[in-house]
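Novice: Given next are the chains, with one letter for each unit.
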Amino acid sequence: MKNGFSIKPYLLIAPYLLFFLVFVLFPVGFSFYLTFHKWNIISPMEYSGLDNYARMFNDRLFWQSLRNTVWFLAIHIPLQIVVSLGLAVLLNSNIWFKNFFRASFFLPVIISGVVVTIMWQQLYGFHSGVFNQILSNMGISRIGWLTDTTMAMPSIAIMATWKNVGLYIILFLVGLQTVPASYYEAADIEGASAWQKFWHITLPAINPTLFMVIVFSTIGGFSLFIEPYVMTGGGPLNSTLSSVLYIYKQAFEFFHMGYAATLGFIFALIILTVVIIQKRFIETKDE
Amino acid sequence: MRKSFTYIVLIVGTISFIYPFFWMIMASVTPEKELIHLIFWPESFTLGNYTKMFEKIPIGRSLLNSVFVSSMVTFGVIVFSAMVGYALAKIKFAGRDLIFYVIIFTMTLPFQITLIPNYITIVKLGWVDQYTALIIPFLINNFAILLFRQSFMSVPQALIDAGRIDGCGELRIIFQVLFPIIIPTIVTVGIITFMSTWNEVLWPLIVIREEQLMTMPQLVTLFSVGGRSENQLGVKLASAVLLALPIIITFIFFQKYFIQSMASSGIKE
Numbered sequence: 001m002k003n004g005f006s007i008k009p010y011l012l013i014a015p016y017l018l019f020f021l022v023f024v025l026f027p028v029g030f031s032f033y034l035t036f037h038k039w040n041i042i043s044p045m046e047y048s049g050l051d052n053y054a055r056m057f058n059d060r061l062f063w064q065s066l067r068n069t070v071w072f073l074a075i076h077i078p079l080q081i082v083v084s085l086g087l088a089v090l091l092n093s094n095i096w097f098k099n100f101f102r103a104s105f106f107l108p109v110i111i112s113g114v115v116v117t118i119m120w121q122q123l124y125g126f127h128s129g130v131f132n133q134i135l136s137n138m139g140i141s142r143i144g145w146l147t148d149t150t151m152a153m154p155s156i157a158i159m160a161t162w163k164n165v166g167l168y169i170i171l172f173l174v175g176l177q178t179v180p181a182s183y184y185e186a187a188d189i190e191g192a193s194a195w196q197k198f199w200h201i202t203l204p205a206i207n208p209t210l211f212m213v214i215v216f217s218t219i220g221g222f223s224l225f226i227e228p229y230v231m232t233g234g235g236p237l238n239s240t241l242s243s244v245l246y247i248y249k250q251a252f253e254f255f256h257m258g259y260a261a262t263l264g265f266i267f268a269l270i271i272l273t274v275v276i277i278q279k280r281f282i283e284t285k286d287e
Numbered sequence: 001m002r003k004s005f006t007y008i009v010l011i012v013g014t015i016s017f018i019y020p021f022f023w024m025i026m027a028s029v030t031p032e033k034e035l036i037h038l039i040f041w042p043e044s045f046t047l048g049n050y051t052k053m054f055e056k057i058p059i060g061r062s063l064l065n066s067v068f069v070s071s072m073v074t075f076g077v078i079v080f081s082a083m084v085g086y087a088l089a090k091i092k093f094a095g096r097d098l099i100f101y102v103i104i105f106t107m108t109l110p111f112q113i114t115l116i117p118n119y120i121t122i123v124k125l126g127w128v129d130q131y132t133a134l135i136i137p138f139l140i141n142n143f144a145i146l147l148f149r150q151s152f153m154s155v156p157q158a159l160i161d162a163g164r165i166d167g168c169g170e171l172r173i174i175f176q177v178l179f180p181i182i183i184p185t186i187v188t189v190g191i192i193t194f195m196s197t198w199n200e201v202l203w204p205l206i207v208i209r210e211e212q213l214m215t216m217p218q219l220v221t222l223f224s225v226g227g228r229s230e231n232q233l234g235v236k237l238a239s240a241v242l243l244a245l246p247i248i249i250t251f252i253f254f255q256k257y258f259i260q261s262m263a264s265s266g267i268k269e
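Chains as they are written, first to last, in my numbering: chain A, 1 to 287; chain B, 1 to 269.
Quick caveat, the hints were computed from the structure, so don't treat them as lab data.
Be a bit skeptical, because a hint or two may be false.
Pair by pair, the computed Cβ-Cβ distance ranges are [unchecked claim]:
hint	chain 1	residue 1	chain 2	residue 2	range
1	A	46	B	54	40 to 50 Å
2	B	252	A	215	29 to 39 Å
3	B	154	A	82	30 to 40 Å
4	B	252	A	174	18 to 28 Å
5	A	255	B	5	54 to 64 Å
6	A	183	B	54	50 to 60 Å
7	B	175	A	196	45 to 55 Å
8	B	231	A	200	52 to 62 Å
9	B	33	A	253	49 to 59 Å
10	A	174	B	179	44 to 54 Å
11	A	174	B	175	23 to 33 Å
12	A	8	B	232	58 to 68 Å
13	A	178	B	252	26 to 36 Å
14	B	108	A	97	33 to 43 Å
DSS-like, lysine-lysine: derived pairs with alpha carbons at most 30 Å apart [stated by the list, open to error]:
hint	chain 1	residue 1	chain 2	residue 2
15	A	279	A	197
16	A	197	B	90
17	A	197	A	98
18	A	8	B	90
Derived coverage of chain B by chain A (criterion: at least 3 residues anywhere in the stretch with Cβ under 8 Å from a Cβ of chain A; other residues may be distant) [said to hold, decoys possible]:
hint	stretch
19	75–86
20	249–259
Heads up, the beta-carbon is just placed ideally off N, CA and C, and yes, glycines get one too.
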């Protein structure tokens with residue numbers, strides 16, 4: 001290869017650079033700028049100092065959406081790990097119809113979230129929903145899956161878990177298959193219990209996958225939008241108001257662009273902080 | 001004993017993953033009055049929900065919109081990402097590491113921060129209610145760039161040198177010489193991009209207001225939350241079935257590729 005300067009690589013990455021400037025770098029800067037302004041997109045922008053931040057600290061709905069997200073993650077993450085890891089371990093043995101099982105678990109992953117949400121909204125229905133019909137046939141009282149303020153977010157968390165299980169099964173399977181069979185044979189000779197084998201051999205092998213599942217689920221929790229938008233509209237009593245739904249409402253129902261940008265900016269910082277903490281925590285556990 | 005436990009859990013699992021789809025399809029052909037009792041099989045069948053839905057919303061047009069937008073985005077992502085991935089993998093140039101870090105930075109950036117400013121950019125460009133608003137912002141995909149970079153790094157340099165001796169420019173080397181040997185990567189990028197574009201709802205909701213230009217998931221969403229389905233469940237569910245059907249059929253035929261793509265990427269939606 002020649003050593004001289006060549007314009008070629010720069011031509012190849014030129015579209016990328018243009019995209020980066022217009023849709024990444026500019027918006028990040030502009031978003032920060034917007035947090036100091038009041039703007040409804042039609043009339044001229046007004047400088048408002050730190051008003052947006054002050055307003056956010058006193059905004060009951062901002063804190064509510066944050067609490068809702070934490071509540072969602074507290075249910076979603078453990079459930080997601082237990083169900084997908086459990087099914088992955090079962091699928092990792094020598095069984096018939098492995099591909100069929102894997103494919104059926106994977107189906108919800110590729111289906112649009114809108115379809116899944118519309119479907120579950122009916123399953124969760126108070127009077128005609130399948131879950132409550134089964135409960136009342138068994139003589140148990142009906143549950144307000146989406147109408148009870150404490151139940152609504154867990155109901156969405158269960159649905160979100162159901163939707164993603166198939167993907168994480170596949171990722172866990174990749175991790176599980178990296179463990180040589182000889183490790184388990186050696187452990188058998190030593191007389192290790194199933195639990196000891198899981199804790200000392202399986203778990204270390206799937207640690208990177210575990211981290212991936214936790215991070216993806218966390219980001220997913222902060223990105224919840226279509227589920228509450230279609231199922232509950234954020235209700236009952238804002239108990240399913242998610243961070244993105246709140247940004248959406250502020251921006252496109254009330255046209256508070258400055259305030260919506262402030263919310264977006266702060267939520268992004270929260271997400272990055274949480275992910276960095278998770279990374280630290282899991283890496284130290286590794287040693 | 002252990003084996004039968006495994007099978008019982010897997011079969012119960014499978015039922016719980018397939019049943020909701022089965023119920024939805026059944027419900028979409030059930031008369032409204034019977035829906036309250038439907039658990040498994042309706043007493044009578046009707047296609048009324050579908051005809052009613054076709055009268056109310058331009059679902060056929062939205063299907064074409066979705067196919068067009070998703071195909072354009074997929075095509076663009078493959079072309080542009082391959083160009084950048086190739087430059088990063090096979091050419092030494094000043095600033096290459098910087099570009100690589102920029103890509104990693106962009107990937108970790110939560111979309112919440114760019115959502116509002118990007119909407120404003122679209123408004124200022126006059127792209128509201130235009131296909132460009134749905135296509136242009138998605139033409140570059142950082143994850144696809146990394147996949148192509150990875151793939152091009154394992155391509156033998158001799159192949160590229162031979163191409164140069166034959167007088168090929170960089171573009172011909174990428175798209176004619178190298179593309180045939182990295183087909184698995186192209187398939188992976190294609191499937192992931194097409195699916196994520198197809199399923200995107202939030203962005204179309206923001207930038208498209210004109211019903212004739214709406215994507216299919218967007219139209220179904222608005223139909224479901226808006227008053228126009230008149231709270232008739234069967235009609236809502238019929239629209240959801242039509243939205244799911246193309247993906248389910250494609251999945252049945254190409255499930256191996258779908259699962260491989262997602263496994264190699266570990267990315268969702």
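Novice: Decide, hint by hint, whether the structure agrees.
Specialist: Hint check results:
Taking 40 to 50 Å as the suggested C-beta distance range, the pair residue 46 of chain A and residue 54 of chain B conforms, at roughly 47 Å. At about 31 Å, the beta-carbon gap between residue 252 of chain B and residue 215 of chain A stays in the expected band of 29 to 39 Å. Take residue 154 of chain B and residue 82 of chain A: their Cβ atoms lie about 37 Å apart, and the range 30 to 40 Å holds. As the Cβ distance of residue 252 of chain B to residue 174 of chain A is approximately 23 Å, the hint placing it in 18 to 28 Å holds.
One distance hint, 54 to 64 Å for the beta-carbon pair residue 255 of chain A and residue 5 of chain B, holds here, with the actual separation near 57 Å. Our hint of 50 to 60 Å for residue 183 of chain A and residue 54 of chain B holds, since their Cβ atoms are close to 59 Å apart. Judged by the Cβ atoms, the range 45 to 55 Å given for residue 175 of chain B and residue 196 of chain A holds: they are separated by roughly 54 Å. Taking the beta carbon of each, residue 231 of chain B and residue 200 of chain A are about 55 Å apart, inside 52 to 62 Å as hinted.
At roughly 35 Å, the beta carbons of residue 33 of chain B and residue 253 of chain A sit outside the given window of 49 to 59 Å. In this structure, residue 174 of chain A and residue 179 of chain B break the distance hint of 44 to 54 Å, their C-beta atoms being roughly 27 Å apart. At about 31 Å, the CB distance of residue 174 of chain A to residue 175 of chain B agrees with the hint of 23 to 33 Å. In this structure the supplied range 58 to 68 Å holds for residue 8 of chain A paired with residue 232 of chain B, their Cβ-Cβ distance being about 60 Å.
Remark: the range hint 26 to 36 Å for residue 178 of chain A to residue 252 of chain B is upheld by a beta-carbon distance near 30 Å. At about 39 Å, the beta-carbon gap between residue 108 of chain B and residue 97 of chain A stays in the expected band of 33 to 43 Å. Between residue 279 of chain A and residue 197 of chain A, the direct Cα distance comes to roughly 25 Å. Compliance with the 30 Å bound is thereby established for this hinted pair. Restraint check: the Cα-Cα separation between residue 197 of chain A and residue 90 of chain B comes to about 44 Å, which exceeds 30 Å; the hinted pair is violated.
For the suggested pair residue 197 of chain A and residue 98 of chain A, the alpha carbons sit about 23 Å apart, so the restraint of at most 30 Å is met. Between residue 8 of chain A and residue 90 of chain B, the direct Cα distance comes to roughly 12 Å. Compliance with the 30 Å bound is thereby established for this hinted pair. Counting residues of the stretch 75–86 of chain B whose CB falls under 8 Å from any CB of chain A gives 4; the rule of at least 3 is met. Here the stretch 249–259 of chain B counts 4 residues with a CB under 8 Å from a CB of chain A, which clears the bar of 3, and the coverage holds.
In terms of the numbered hints stated before, the structure departs from hints 9, 10, 16, listed from lowest to highest.
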